[in-house]
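So the protein sequences, as listed, match chains R and Y.
Using the numbering used here, the letters of the first sequence map in sequence onto residues 12 to 252.
Using the numbering used here, the letters of the second sequence map in sequence onto residues 26 to 436.
These are calculated hints, taken from the structure and not from any lab test.
Treat each hint with caution, since some may be false.
[Said to hold, decoys possible] Not everything, but these chain R residues come out facing chain Y in the computed CB check (under 8 Å):
#	residue
1	L69
2	D70
3	L87
4	D89
5	T90
6	I110
7	R224
Where is the CB? At the ideal position from N, CA and C, for every residue including glycine.
This is what each chain is made of:
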Amino acid sequence: MADASLLRLEEVSRIYGDEVKVHALDRVSMSIEAGEFVSIVGPSGSGKSTMLGLLGLLDLPTLGTMWVTGKSVKELGDTERSRLRGEVVGFIFQQFHLIPHLDARRNVETALLYRNLTPAERRRRAMAALDVVGLAPRADHRPVQMSGGEQQRVAIARAIVTEPKLLLADEPTGALDSTNAANVMQIFQDLHSPLRAIAIVTHDPSVAAAAQRRISMKDGRIVADEQLVDAAPTTFGGTLD
Amino acid sequence: MRSIRDLIGVALSGLTARVSRTLLIMLGPIIGVSAIVAAVGLTESAKGDLQQDLAELGTNLITAEAAGSFGTQNPTFPEDVRDRVLALSGVESATATQSITGVVTAPYDAAATYYTAFPTPVLTADSAFLEVMQIELRSGRWLNDFDYNTGARVAVIGLDVANEFEYRAGTNRTIQINGLDYGIVGVYEPVKLVTNFNTAVLIPPLTADNDFDVGLETNTIYVRADPTRVVEVEEALPVAINLGGSDEVNTSVPSDALEAAAAADSTLQIIVASMGILALVVGGVGIANVMSISVIQRSAEIGIRRALGHGRSVIAWQFLLEAVAVGFFGGLGGLAVGVLIVVYASHIAGWTYVLEPVLVVGGYEFPSEFLGVPTIYVLGMGAALFTSVVAGLYPSVKAARLEPLETLRLG
């Protein structure tokens, strides 16, 4: 059954191990709609990392069905799943995960490879994305020449340069000091738009508080899924052009 | 097409990011290809002069020697042997000689004992000698009609004799043959096809008969044949010389030996080229080894690329292309080093270097060119590329199999 949700999980389980089965996710059903700002919270071992792998199309459900933009991901081969991942999801990691031997612009351009773009067009889009996070002047710096906050902003530029429908962040402020963390969270607020949903996996309550919806997990199940009325509504989104 | 260009860009940026490591693993293909190119090129260059000689000397000189039946002393040809041979169809020119035995040639009296032990051959020569041997005089003049008709004691000597006797062009010198003084009138250039002549003294037939009572009959005749009819002429010579008589004639083509020596020595080529292939294989193992480690070191990068939407096949191609690029540029470097070795070693050895060598493996001679490039370079590059593809297969499959979830350490 397909529907208009951006992402939809139905009775999804993710089980690791053959002899001793570990239910990292246990019959989870939920959906994320276009333009939502969601946080997924929970203690260690609650299954939120597994959830992140599934939402990011890096992993497949052991049981149950998952749809992304109406497509059942189990029916996709690696190439189609990779393409869908590249089109729909933009990843932001706790450890930034920039490619060390490439400068900021080339790191951002990496997300635009194999998309039939001319180098000039790729460069133009990468520079526009770096401009959104305020790092266009540092486009030729390598990751080692930048602070953690700057590296995370380059990673955000890399995530948004493909104009994904979902920004998927894994503890995006976990490796940053409070100033840089606030800075990054502000960028998330700015990037949130009706066309761009954001899902942040975190254990930090202040990060979760920025979201409009909070999904709480424990022992591989969703224990709470609540709309946060006091979250600041976002009225504008960052634009690339 | 743009995806392929993207892939090449990613592969090259991966290599240029680690220049010293890239250069190190390139050493394998460089050494392997240069060894192959140098091996084949040098074995050919070592013979380059021979081949050049062959082209200059021609392969149409035939030697016919008088051979008596068992027990015959000093067999000779009939006196009119040269006319008989020249009458043969396909014969262009001929010169007959008689080697004179039992004489001692020396620069002066006191040296006679030495030159008895190490004799210098003395032969008679007619006026066609230089033409048939296709050589020039180094200095002086050839035997003239006066010499031939009067039996004058004159001699023309080979370059080696001139050097040994320390003859200087333009000086009046004599040499002694059995104690008789002969005036040296000329020195001829080396005869490469019949090297015996280089150490010989040539005198007019009449003089030889007068002084040593050897008769005017000759025992060896050199024949230049129409190059397309050499075999035919060689077969006809014995009959033409003897007119069906009982005496025997042995014929040979001196250039045959030279041709054999100049033919590509495939055994040596194979041995040295095998070492090159061995170096390539070891180099390939090096590439596979280093790239496997590189895949582990770059597992985070691979995970990121997968998260950014690059499929497994794209990752596999990226690492395979890195290996192929190492093979390609290493191969090119190997060609350059190989050519340098051939040119420089040939220079040291005094050879004429051959950069388009003939390659013979197992009796099969490869075409000299492939798509306008000498075959050996095409084969060298092909071997380097093949090795790198094989070497890159394992690391690239390993890279493609990495699970991004495991390398990215989420949550």
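Right, here's what the structure says about each hint:
1. L69: holds (5 Å)
2. D70: This hint holds: D70(R) lies near chain Y, its Cβ roughly 6 Å from the closest one there, short of 8 Å.
3. L87: Hint violated; L87(R) Cβ to chain Y Cβ min 11 Å, cut 8 Å.
4. D89: holds (5 Å)
5. T90: Nearest chain Y Cβ about 4 Å off; hint holds.
6. I110: Because about 5 Å separates I110(R) from the closest Cβ in chain Y, which is inside the 8 Å limit, the hint holds.
7. R224: The hint is violated - R224(R) has no Cβ within 8 Å of chain Y, the shortest such distance being about 19 Å.
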